[in-house]
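J.: Starting from the structure of chain A, add chain B where the hints point.
Chain by chain, the residues run as shown.
Protein chains: 2
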Amino acid sequence: MVKVMATGTFDILHLGHIYFLKEAKKLGDTLAVVVATDSTVRKLKHEPVNPEKIRLDLIKELSVVDEAYLGQEEDMYEVVKEIKPDIIALGYDQVHDEKSVEKELKKRNINAKIVRLAEYEGGSDLEGTRKIIGKIISAYEIQKTIERIEGEHK
Amino acid sequence: MVKVMATGTFDILHLGHIYFLKEAKKLGDTLAVVVATDSTVRKLKHEPVNPEKIRLDLIKELSVVDEAYLGQEEDMYEVVKEIKPDIIALGYDQVHDEKSVEKELKKRNINAKIVRLAEYEGGSDLEGTRKIIGKIISAYEIQKTIERIEGEHK
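Heads up: the protein sequence lines correspond to chains A and B, in order. All the letters of the first sequence, read from the start, carry residue numbers 1 to 154 under the working numbering. All the letters of the second sequence, read from the start, carry residue numbers 1 to 154 under the working numbering.
With the rest of the complex left out, here is chain A:
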């Protein structure tokens, strides 16, 4: 049994996430997913839309996911020790550097292979959380403009 580990924020689920998790699972037999805590997301990206508990609970509902964990803040390798993966799959755009991750793993006697996955070439223009957020904001701006024009003609 080859255990694969994948990590991410998974705020507002989209098909890019599904692609990433399916590609990761293809590398082995079972997939353990680590969901980043809110404080980690704030440090790396932005304020999450959905809190960590909700992001974790949703990830658990995907059939591709066998186990799901919340990340650890002090030392991100603590959760790796708990999961004991054979392979750690990195998304094509995830910031972690393969070489330094490998070094940190070795230091801790964790014997996992790092695999960088290919980019998602989905046909849709709506894969990314940012694109979903962008679409919501555009719709909101259009609505405000319509309301302003209607207000001017009252």
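These aren't lab readings, by the way, just hints derived from the structure by calculation. Don't take every hint at face value.
Any copy will do: because identical chains look the same in the list, a pair fits if it lies in one copy or spans two.
[Said to hold, decoys possible] Calculated lysine-lysine pairs in the PhoX-like style (CA-CA distance at most 25 Å, straight line):
no. : residue 1 : residue 2
1   : Lys144    : Lys43
2   : Lys144    : Lys45
3   : Lys84     : Lys53
4   : Lys45     : Lys131
5   : Lys3      : Lys26
6   : Lys3      : Lys81
7   : Lys3      : Lys103
8   : Lys84     : Lys103
9   : Lys60     : Lys25
10  : Lys131    : Lys106
11  : Lys43     : Lys81
12  : Lys113    : Lys135
13  : Lys22     : Lys3
14  : Lys131    : Lys60
15  : Lys26     : Lys81
T.: Then chain B, alone, in the frame of chain A:
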């Protein structure tokens, strides 16, 4: 084998959807989900954020879902004939009226029981798609205000 059918828009997945689908599945053994087409969503609610194909593809990824279909526009009962459910589960806030649905089913010799589900009493304030959208728009407005204030002090 008791087959349950549930329908919805499922634009931006959240725990309220999961609760609804799990409660529906508890009524039987397998769950068939009908995802509303974009034109149906436009008629009943608003412009969907995610197009029908993406909403359908995401619903298929949930472990609680056994089968997923896109709704039919001309006659919503066509897809019911195809699915042949024993039970049709209605969400607590879904507009369909039990009595009129039962009448329409009888007319078409479809022998399915209608069950209205209870409301989701989730502890979070983020269950609904509207709440997620609201949170995104608030964050956007705050950001714009910050940018304006920073601009004034340049």
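J.: All hints, please: hold or fail.
T.: Results for each hint:
Within a single copy, Lys144 and Lys43 get their C-alpha atoms only as close as 32 Å, which misses the 25 Å cut-off; across copies the closest is 21 Å, which meets it. Taking identical chains as interchangeable, the C-alpha atoms of Lys144 and Lys45 lie at most 25 Å apart only when they sit on different chains, with a minimum of 18 Å there against 28 Å within one chain. Taking the shortest alpha-carbon separations for Lys84 and Lys53, only the intra-copy value of 23 Å comes in at or below 25 Å, while the best inter-copy value is 37 Å. Both within a single protomer and between protomers do Lys45 and Lys131 lie at most 25 Å apart by alpha-carbon distance, with minima of 15 Å and 21 Å respectively.
Taking the shortest alpha-carbon separations for Lys3 and Lys26, only the intra-copy value of 10 Å comes in at or below 25 Å, while the best inter-copy value is 31 Å. For the identical chains of this complex, Lys3 and Lys81 are intra-copy neighbours only, at 13 Å inside a copy versus 42 Å across copies, given an alpha-carbon limit of 25 Å. In this assembly of identical chains, the alpha carbons of Lys3 and Lys103 lie at most 25 Å apart only when taken from the same copy (20 Å versus 52 Å across copies). In this assembly of identical chains, Lys84 and Lys103 lie within 25 Å of each other by CA distance solely inside one copy; the values are 16 Å within and 56 Å between copies.
Within a single copy, Lys60 and Lys25 get their C-alpha atoms as close as 15 Å, and across copies as close as 17 Å, so both meet the 25 Å cut-off. For the homomeric pair Lys131 and Lys106, neither the shortest alpha-carbon distance inside one copy (38 Å) nor that between copies (44 Å) is at most 25 Å. With identical chains, the CA atoms of Lys43 and Lys81 are at most 25 Å apart within one copy only, with a shortest distance of 23 Å there and 51 Å across copies. In this homomeric assembly, Lys113 and Lys135 never come within 25 Å of each other (Cα to Cα): the closest approach is 38 Å inside a single copy and 39 Å across copies.
Taking the shortest Cα distances, Lys22 and Lys3 sit within 25 Å of each other inside one copy (13 Å), while across copies they are farther apart (28 Å). Both within a single protomer and between protomers do Lys131 and Lys60 lie at most 25 Å apart by alpha-carbon distance, with minima of 24 Å and 21 Å respectively. For a Cα distance limit of 25 Å, the shortest separation of Lys26 from Lys81 inside one copy, 22 Å, qualifies, whereas the shortest one across copies, 36 Å, does not.
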